[in-house]
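> Could you use the hints to bring the two separately framed chains together as a complex?
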Amino acid sequence: MQVHKYDVVIVGAGGAGMRAAIESGQRARTAVLTKLYPTRSHTGAAQGGMCAALANVEEDNWEWHTFDTVKGGDYIVDQDAAEVMAKEAIDAVLDLEKMGLPFNRTPEGKIDQRRFGGHTRDHGKAAVRRACYAADRTGHMILQTLYQNCVKHNVEFYNEYYVLDLLMVEEEAFREDGTAYQQKRVAGVVSYDLATGELHVFQAKSVIFASGGAGKVFKTTSNAHTLTGDGMGIAFRSGLPLEDMEFFQFHPTGLAGLGILLTEGARGEGAILRNSDGERFMERYAPTIKDLAPRDIVARAMANEVREGRGCGPNKDYVLLDLTHLEPEHIESKLPDITEFARTYLGVEPFTDPVPVYPTAHYAMGGVPTNIETEVLQDNDTVIPGLYAAGETACVSVHGANRLGTNSLLDINVFGRRAGIAAAKYAQDADFVELPENPDALVTAQLEGLLSSTGTENVAALRKTLQDTMDAKVQVFRDEKSLTEALEVIEDLRKRYKNVSIQDKGKRFNLDLLEAVELGFLLDLAEVMTTAALHRKESRGGHYREDYPNRDDENFMIHSMAYRDHNATTEGISGIRLETKPVVVTRYQPMERKY
Amino acid sequence: MSTELPEPPSKIELKAGVGGGGEIPTFNITLRVRRYLPETTAEAYWEDFKLTMYGTDRVLDALHKVKWDHDGSLSFRRSCAHGVCGSDAMRINGRNRLACKTLLKDLDTSKPITVEAIKGLPLEKDLIVDMEPFFQSYREIMPFLITKGHEPTKERIQSAEERAVFDDTTKCILCAACTSSCPVFWTDGQYFGPAAIVNAHRFIFDSRDEAGDMRLEILNDKEGVWRCRTTFNCSEACPRGIQVTKAIAEVKQAILSRTV
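Sequence order for the protein chains is A and B.
Under full-length UniProt numbering, the letters of the first sequence match residues 1 to 595, in that order.
Under full-length UniProt numbering, the letters of the second sequence match residues 1 to 260, in that order.
Hint data in this document are derived by calculation from the structure and do not stem from the laboratory.
A quick note: this is a predicted structure, and the numbers were derived from the prediction, not measured.
For each residue, glycine too, the CB sits at the ideal point set by N, CA and C.
One thing to keep in mind: the hints can contain errors.
Just some of the chain B residues that point at chain A, by a computed CB distance under 7 angstroms [said to hold, decoys possible]:
no., residue
1, Ser-79
2, Cys-85
3, Ser-87
4, Gln-136
5, Pro-143
6, Lys-148
7, Gln-158
8, Thr-170
9, Leu-174
10, Phe-205
DSSO-like, lysine-lysine: derived pairs with alpha carbons at most 27 angstroms apart [as the list claims (entries may be wrong)]:
no., chain 1, residue 1, chain 2, residue 2
11, B, Lys-50, A, Lys-464
12, B, Lys-154, A, Lys-152
13, A, Lys-98, B, Lys-154
14, A, Lys-594, B, Lys-11
15, B, Lys-222, A, Lys-110
16, B, Lys-11, A, Lys-316
17, A, Lys-152, B, Lys-222
18, A, Lys-481, A, Lys-316
19, A, Lys-537, A, Lys-581
20, A, Lys-219, B, Lys-50
21, A, Lys-481, A, Lys-495
22, B, Lys-148, A, Lys-507
23, B, Lys-15, A, Lys-316
24, A, Lys-481, A, Lys-425
25, A, Lys-505, B, Lys-50
26, B, Lys-50, A, Lys-152
27, B, Lys-65, A, Lys-464
28, B, Lys-111, B, Lys-65
29, A, Lys-219, A, Lys-581
So that you can see chain B by itself, here it is in the shape it has in the complex (with noise of 0.2 angstroms):
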């Protein structure tokens, strides 16, 4: 609940030079784009191109002066530019990562900066893959809430600290980030992956839901849980900051413990 606060003063000293501020420098680029494109060429190839960009850009930006300066042909999915839509999951300088929520002046631009498509999914053109086995396998985990017994007249009552139990894995925006990160999914494409299992866990540890057996006995399966090898690179890549890979060892610990 909201606390009740201090009318904070009408009028304070600001620091001085607060906000930032001064002219936002200009830096060349050289973007390294794994480009693809099946109704012109059979192989992916590297392109480079030159630009110049500003100290706010991020890789997003790139890639648009490239679509609408150079090259209409680029494609690749983008929507809020803000790192919510989730749309625009790639590998940048070998990471995946999300190009609107990645600062050009945060990577090394002495150096070409690599884009290419998120791997284990099948590619369609440039940097764009076929999402729908990733979406299939979020929807095999029944991703809702599933309870018994008749709808109460109000909402559903939880604690505070029953919601905090299940916080971090709401966040999740299903970009694939993570689950094209993971090395098992790269060789195993039946694996889960760890974003079904994140919304797993969303639905297993949320105090109103009564069908968290039925989950876990899905992720008990030998595409489930168990092909987790604790590599982390789930938990880097997310970026929504969600702690995949801890939400995965708590899933697999409820499977043993069944206290769900």
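So that you can see chain A by itself, here it is in the shape it has in the complex (with noise of 0.2 angstroms):
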């Protein structure tokens, strides 16, 4: 076992990761951990663009940008936070111009925007071109832009670093009332170098996690292999709460079998979706603003359209995204990736004829929260000094019950920029917090006791019975009977989990061993994600109850709060403890939410 020794340790390489490398690099002695290299970081699959009140192509405020992603949250978002980030978003989208983003450009040489869902002039009454882009890969622009920068300013990187544990010590404190509790603080996290198979501690004075999302806690989702969830199974496994995980978003245009992502930029340039009566069906579900409504109604009307049996296909199990009334140039110049995917995995040619769609899980609106500050706190109120996080890992939280699309890019920025700074401050001025003894212990015993099992589970076949369960009855549509059914497989699956065995016995690039360890933070957060959902008996955003289809505001409009707690029982599970976190409200009270 090696030892480090950073002032500032981050954990992750997407968006969220360099964006405050590129702040605390500059500040203090920085390192970078990532499981993968940084330009694979999912990030660089985003598409659509990243909304900020530029006003480069018509009237726009920062003010109507934050209502919103209020309204699009369904009014369960940290109101402080939203602000701060529709604010700041005008600044994080030029820095990334200066930085050198080749966005796309308006006649007068400008950036250029286009519509996106959920984003509206004056509070709802028309779309508003909001999101600056580069084609349809916009993410991949970003990644780039943020990782040459990176390179710019010599952040050092511990490519396929895998970190496995963070280190936190306690000591009493006490509270302004005289009680007292226990306090946490940063020490470093443990990782696992995936070509040697040696572990390296990294002692931090500050460690922001931006590891990412969970998305491949389901089958069909757009998300890549590698994001099971890691940073949010830490910290949950480390006695932090998890805020709002009941809330997971199902982007609506996923290549149907798939889960390939489309992007809601196709819609904000003209793509319609239709049924298999050939009807544009979102006029009856959204007349005002149709098919670029938030991501929670279109998906919903689309697994609705295809329930009630207007389904297209063979097996009538998706609907169709139209582009074909568009100019192919018009397509060709601003959606040139999505519709080669069309053509590459599917066969279809999106210029002539529409393409199978299909809603796929797509993003975490929960995770580690922090304040506005990306502080992590380890209850309601109590910041963890030196801990922060940022982007999809966290939650702090912007995107409530329902994200709209743009606003993870944009989180990633402002929020990634906020972590750097905030952490080499705080770097400046701490000391280290002594290392726990035998630092290491823990990971030790978890990858010896899973390289030396002989159990007789498979690691491939509990992560499918896991996602095809998730797929199915943690869904658009959840009602208590599908969600004790999905708790009742993951239990039996935690079970088995301890039996598991991986064939792959080597110390270099030991991936089976990797891919194991994945399993484990995915049926934390699985669990986690159910129990919520089966305790918030109201529908909101991304979660819809068909066994509670309103919004309930006078119970739910709270966060949630889970811990792993092992005296604790929540829904029937034992070992989590959800308790509730008020919503921050600021300018708007709760409405109906039509568009």
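This is the structure:
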């Protein structure tokens, strides 16, 4: 085991991690640990754009953007955080342009903007052009630009170092009212070098978690194979809460059967959805902005069309994304990648034929709770000194019950930057926290257990059962029965997981071992998501309960906070404690959500 | 700028059989993988796996099937699985391609499908190579925007035409399919290689950048663009459809004329 010492350690090298690194790296000695190579991160798969009220092509302002974000999140967004994001969005886009990002341009040479779901003029009057974009590879250009600037600033990367544990110490502290509590402090992280199989402990004054999402809980997902919720899982196992995990976004337009993302920007450029009758069905569900309604509404409409028998194809199990009325030249210049995906993976020519699509698991609105300074919370209001989180791993909460399209690229830039600055500033004044004795003990035991296991269970088989179950039962539509059934399967899988074994016993690039570890995180997170979904007896944003079809502000206008607690039982699941946290409301009182 | 379009009709007649359909066919393949497990055997060897696959499956799905159902030690990098992250460049039937973007049905499945690691970079295990020399060349061409003078308050102005000049080379995902398909790179690992030149092109031809001369000087080196023998392997290998050889030619031309 080697020990390294840095002021700031960043876990994850996607958009949030690298945006943080650009700030932190210029202020403090910084290391970035990633289980991939930085340019492989899934930020690069984002397509459509990044919203900011630049008003380059039509009237717009950040207050409208704030409102849209709050309403889009079905009012469970923390409004102070949404305001920070919408305000800082403008500089976030301009910063990227100055770093070199090749945005598409207007005839005047300014950054061009296009329409996107749920982004509106003057509080919902009509769709507005707010999304700044680079064709349909905006995420690719953001990831490349941030990596380029990390190269420029000589940021130190540890590639293919998989972080497996967060090291914290606890000390007795006292609240203002004199009551004692255990204050957590961050000491560092433990990582596994994939190339050699060696453990490396990184002692750090500040740690930023920016390790992305957990979409691989599901089978049909736009997410990469590597998005296994490691950061959220580590935090949860370390006794930190996870906020709002019941809210998972299904993106309306995944390639049918495959889940590969086709950007909402397609609809922003004029594409529409049709059912088997050739009907533009979104006119019925969202009369004002139709196909540009927020994702939860569109995904539900699609699923409803299919279950009412108006699905397309031999099994009537998808709808169609129709671009055929658009000029091929327009499609080619604005949406070259997604049209190629349709051709490559489904053999459909989007210029002449509509493309089969169905909702695909896309984004975790919930995550590790932070305040607007990106400081991680160990409960509703106690900050853990030196620990930060940003991006999909975190929940600040700007996305509430349903994230608006483009707001994730915005989130990683705004809060990634904030995390980098805050973590470096903290490190300048703080001392190192002493590492616990045998800092790698937990990870060593975990890995040795897996390597030496002679159990009969197979990682891939358990993962497949989990993903099939989540796809079937924790979907766009859910109810008590489906969620309870899902939890029964998950509990069984968690038991069986203790008996998994792997075939590769080597030290070099043991990706067999890696997948076994990842499955452990997936199982933990699936359990939390489903338990929280069962507990929230209302419908809000991406969480739609058929047995409770209405929003219930009286009882559920609150964040959920799930803790690992071996003495607690929630919804029949032992080991999880669910608490609540108030929503920050500043300007906007909850209203009925219509589009 | 987005053009204003008329509203599409609320209802249309769909063509018969729209969206394709029918049962997805299955077929049998032999996947012939070049294995290298340095902890157990000194030499690389070929291993065959007989698999039943579906019509929509890609080479990556076949590799996963081996790893998940047959041999967990088979090692390869992958992440996004739809051709944008650049993790899974490999030699498939002797040609550099992304495993996640190569559909099995498009290959000749009557013969074994061969899969091996990309060439020219140190082999680590099975299909995994050491990417560090590749990224080192990339870093050497200063792959970031360099400007002089004060930063503008708002964005830098760039016309759509100026933006279009380097559009093709912004697509690069750094998968190394081009560089590791280049015969010059195989014999001379010091050569910058096509990917680094593509990324230099992306900045040399960006109207906002002011360090074109420095980059051209770097690529005028004996290990620079002049090593390119215009074999077009790189253009054929690029999974993003970048016209790599054309980009290299434009850089050569710019060095000669110093018009940038």
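> Look at each hint and say if it fits the structure.
Hint-by-hint comparison with the structure:
no.	hint	result
1	Ser-79	4 angstroms, holds
2	Cys-85	4 angstroms, holds
3	Ser-87	5 angstroms, holds
4	Gln-136	11 angstroms, violated
5	Pro-143	5 angstroms, holds
6	Lys-148	13 angstroms, violated
7	Gln-158	5 angstroms, holds
8	Thr-170	5 angstroms, holds
9	Leu-174	5 angstroms, holds
10	Phe-205	11 angstroms, violated
11	Lys-50(B) with Lys-464(A)	21 angstroms, holds
12	Lys-154(B) with Lys-152(A)	22 angstroms, holds
13	Lys-98(A) with Lys-154(B)	9 angstroms, holds
14	Lys-594(A) with Lys-11(B)	23 angstroms, holds
15	Lys-222(B) with Lys-110(A)	40 angstroms, violated
16	Lys-11(B) with Lys-316(A)	18 angstroms, holds
17	Lys-152(A) with Lys-222(B)	24 angstroms, holds
18	Lys-481(A) with Lys-316(A)	25 angstroms, holds
19	Lys-537(A) with Lys-581(A)	16 angstroms, holds
20	Lys-219(A) with Lys-50(B)	25 angstroms, holds
21	Lys-481(A) with Lys-495(A)	22 angstroms, holds
22	Lys-148(B) with Lys-507(A)	48 angstroms, violated
23	Lys-15(B) with Lys-316(A)	15 angstroms, holds
24	Lys-481(A) with Lys-425(A)	49 angstroms, violated
25	Lys-505(A) with Lys-50(B)	24 angstroms, holds
26	Lys-50(B) with Lys-152(A)	47 angstroms, violated
27	Lys-65(B) with Lys-464(A)	12 angstroms, holds
28	Lys-111(B) with Lys-65(B)	19 angstroms, holds
29	Lys-219(A) with Lys-581(A)	31 angstroms, violated
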